[in-house]
Amino acid sequence: MKKITAIILILIMTLFSLAAENIAITGIDSTGILSSQKVDLFITHTDDGGAAIQDEGGLNVFESPDGSEWFPVKSALKIDREANRRDGIGFLMLMDNSGSMYDDLNGKATDKEADQRMTHAKAAMRTFMGSIEDSRDRVALVSFNTDYKLLSESTRNRNVLLEQMDKITKPESEKAYTELYASLERSSQFFKNEGEKGRKIVVVLSDGENYPFFKFNGDLHPEYGEKLFTPEEAVESLNKEGITLYAIHFGLKQDPYLGQIAHETGGQVFDARNGEELARVYDSIRQAVRDEYRVTYKAGVFNSSRVFVKIAAGSIESEARYYYNSALFGESGNIPLPLLLIILIISVVAWLILTKIRFEQTNSKPHLEMIQPGGLRTRIEDLKLDKTYIGTSDKHDVTIAGTGAPSEKESATIIYDDEKQAFTLIAGEGEATLVNNREVTRQELHTGDVIKVGDSLMIFDDEGTQVR
Amino acid sequence: MTESGKIGLYTIIGAIGGLAAFALVGLVTYLKAGFGSYLVFNIVMGASFGLAIGAVLGSVEGIVHGNRNKIMTGLLYGALTGIAGGIVGVFLGQSLLLRFARNLGEVPMVVSALIHALCWMIMGMFLSLGEGIRSRSGYKLAYGILGGLTGGLLGGFLLEILTSRLAGLIILGCAITFFYALMEKNFSRGVLRVLNGTMKGRKLALNQRKLTLGCGIGNDLALIGYDGVQEKCHAVITVKSEGVTIEPFSHRYKVFVNDEKIQKAKLKYEDVIRIGEARFLYEVK
Chain H
3 MKKITAIILI LIMTLFSLAA ENIAITGIDS TGILSSQKVD LFITHTDDGG
53 AAIQDEGGLN VFESPDGSEW FPVKSALKID REANRRDGIG FLMLMDNSGS
103 MYDDLNGKAT DKEADQRMTH AKAAMRTFMG SIEDSRDRVA LVSFNTDYKL
153 LSESTRNRNV LLEQMDKITK PESEKAYTEL YASLERSSQF FKNEGEKGRK
203 IVVVLSDGEN YPFFKFNGDL HPEYGEKLFT PEEAVESLNK EGITLYAIHF
253 GLKQDPYLGQ IAHETGGQVF DARNGEELAR VYDSIRQAVR DEYRVTYKAG
303 VFNSSRVFVK IAAGSIESEA RYYYNSALFG ESGNIPLPLL LIILIISVVA
353 WLILTKIRFE QTNSKPHLEM IQPGGLRTRI EDLKLDKTYI GTSDKHDVTI
403 AGTGAPSEKE SATIIYDDEK QAFTLIAGEG EATLVNNREV TRQELHTGDV
453 IKVGDSLMIF DDEGTQVR
Chain C
1201 MTESGKIGLY TIIGAIGGLA AFALVGLVTY LKAGFGSYLV FNIVMGASFG
1251 LAIGAVLGSV EGIVHGNRNK IMTGLLYGAL TGIAGGIVGV FLGQSLLLRF
1301 ARNLGEVPMV VSALIHALCW MIMGMFLSLG EGIRSRSGYK LAYGILGGLT
1351 GGLLGGFLLE ILTSRLAGLI ILGCAITFFY ALMEKNFSRG VLRVLNGTMK
1401 GRKLALNQRK LTLGCGIGND LALIGYDGVQ EKCHAVITVK SEGVTIEPFS
1451 HRYKVFVNDE KIQKAKLKYE DVIRIGEARF LYEVK
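Protein chains in written order, with this note's numbering: chain H, 3 to 470; chain C, 1201 to 1485.
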């Protein structure tokens, strides 16, 4: 019952819009905003007979950061009526290849290939490919069911695309689900990857409702896993890429949200009952896009990342659409101003503290700092107040690596002289003893003297220390 | 300070830079509407990001050496090259992003993060040039570039796969300074360890072609608080591929190597240098 009401509503709306002058923003291209601050709007402007209106004066564009407070665009508008005919249109055709596409037009199972919906759909596609031959339009083809499969890249060559289309065959039951929203989401990335610059249109043909694999089969989808895509995500992604979606219901069952998705991207929804009607729908979509004119203007700058836009011609006004102004640093989120200031102050204070810290440890006792190769750790040996024995065995106060086998005899001794109040190094046996790289037998030590006994290097330090 | 301690300190300073960058970029976002064009807005975003990371990175060597003059000039040079680098980084990064993203098919998130990381890599490289330019040192430029590239790539990759921009920027800052320190360690031609006095324990990396030692703040190694050291320039250390040499700035000044007065001496590891009261040990690292 709900669906019937929706269909009636759509029909009334369509009739209503046909009965009066109408202006709509069908597409927005904001890719130039970062380099030139320019935004392209694609406008459909028709009179009460549905024919394209030719006058170019009296147009006004408004922008808004929130959709409620509107600012008129001050710069002059550049209007180009031939943009889409001259540059061509990029079409991505999505063909439903679920199980039901192999029923007949009344939804009954059939083995007669000629009666199957797919056969009708393919025929309409052939007609459509024939119509683009003299233009610069490009067409790419995707089939979708459980999987999303790009059959043909963008091409103007009819034979290339139709050859790929003929490879579409009836899917096995595992593959026969209808991942409609997921496929729309994925189609939004197509033109970006192709580097398409002109008008970007996705046309989806579906004979049923969104019927996700994970939800109705229970197993994980091979690509999407547990993820269930929503109509809102599809709208968001398509709008972000400046793509307009046209949707065609082909059959009795209809997805309840497909029309709404199309509408929110600036597109429309159509019904087709057979191949001929479908061919006519394809053609009228293409004609409508060809009739669009392009309005280029210099965009304002707003704090929001999403900017709403609408266009007015005399007394009539379009519905609001939106585009994203690209930010290299991503979305800022909504961090309160005081918090940002606090973070800034914290970082400055932390930096100031670091500039004040002394990073060297001070040692209040006379000591030897043993130098380890690589400087990863330091070993400190405190000096005794009478005699400190340095040698190669464990029994010595300071154990060093010797050049020969460990010896009981000390290699060197450091004694404290009470009268001089100074430490003196006395060389022992076995290992050469150097102070500041000069061989010594007895030497008074000063802070910073570098002692080498055998292979061990150590720094003497009694600076600022109290011995007694 | 040990080498690992120094790398740790650099990394902490990088985190502070990331924190400051987050705050600055956030503040600029608040003023977005005042910029008139998204191009100008993005330029200011890049500049403020570069300013924060570049400034702290420039000051890091001064902080390690405890040299106020070096902190301030480093901060200034780091900020200036950071601003320039941030702007260039925005443009190069963005054009790379557009070029790459347009020519690839549908990509998984990891690949897309990797592409973004390439842009951050370019940005990181530019941010790490400040110290090299300040000291006019080819070595420092080289490891600034290498450290910035590596840190930008790794930090940028993590930034892209993390959902929090705060955490992401802190990690980016840490990664850039961490790799900068690591490269500095590996590029250095040895260090002078101060053995006594107010700067005891500090390690002064011989990481530029020519270093001056003196007690004035304008020297590369400012020996403040040591008697008997000439103010303007007492001694010069020259780092060349064939070796490291030290000589007094004037023949009237005294420089000792291993307690022997020299006019010019080639340094080898474990040599002990004395300039006035100040003593140094020439070490590998």
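One should not assume that every hint holds.
Stated by the list, open to error - DMTMM-like mimics (lysine to aspartate or glutamate), calculated; alpha carbons at most 25 Å apart, straight line:
hint, chain 1, residue 1, chain 2, residue 2
1, H, K389, H, E465
2, C, K1466, H, E319
3, C, K1385, C, E1460
4, C, K1454, H, E446
5, H, K76, H, E465
6, H, K358, C, D1427
7, H, K422, C, E1477
8, C, K1461, H, D82
9, C, K1468, H, E319
Said to hold, decoys possible - A partial selection of chain C residues facing chain H, derived with a Cβ cut-off under 8 Å:
hint, residue
10, F1222
11, A1223
12, L1227
13, S1237
14, I1243
15, L1346
16, I1424
17, Y1426
18, Y1453
19, E1470
20, V1472
Calculated from the structure, these hints are not laboratory results.
The C-beta atom is built at its ideal place from N, Cα and C for all residues, glycine as well.
Tested hints:
no. : hint               : result
1   : H:K389 to H:E465   : holds, 19 Å
2   : C:K1466 to H:E319  : violated, 84 Å
3   : C:K1385 to C:E1460 : violated, 30 Å
4   : C:K1454 to H:E446  : holds, 22 Å
5   : H:K76 to H:E465    : violated, 75 Å
6   : H:K358 to C:D1427  : holds, 24 Å
7   : H:K422 to C:E1477  : holds, 20 Å
8   : C:K1461 to H:D82   : violated, 85 Å
9   : C:K1468 to H:E319  : violated, 83 Å
10  : F1222              : holds, 6 Å
11  : A1223              : holds, 4 Å
12  : L1227              : holds, 5 Å
13  : S1237              : holds, 5 Å
14  : I1243              : violated, 10 Å
15  : L1346              : violated, 21 Å
16  : I1424              : violated, 13 Å
17  : Y1426              : violated, 11 Å
18  : Y1453              : violated, 19 Å
19  : E1470              : holds, 6 Å
20  : V1472              : holds, 4 Å
In this structure, the earlier hints numbered 2, 3, 5, 8, 9, 14, 15, 16, 17 and 18 are contradicted, and the remaining ones agree with it.
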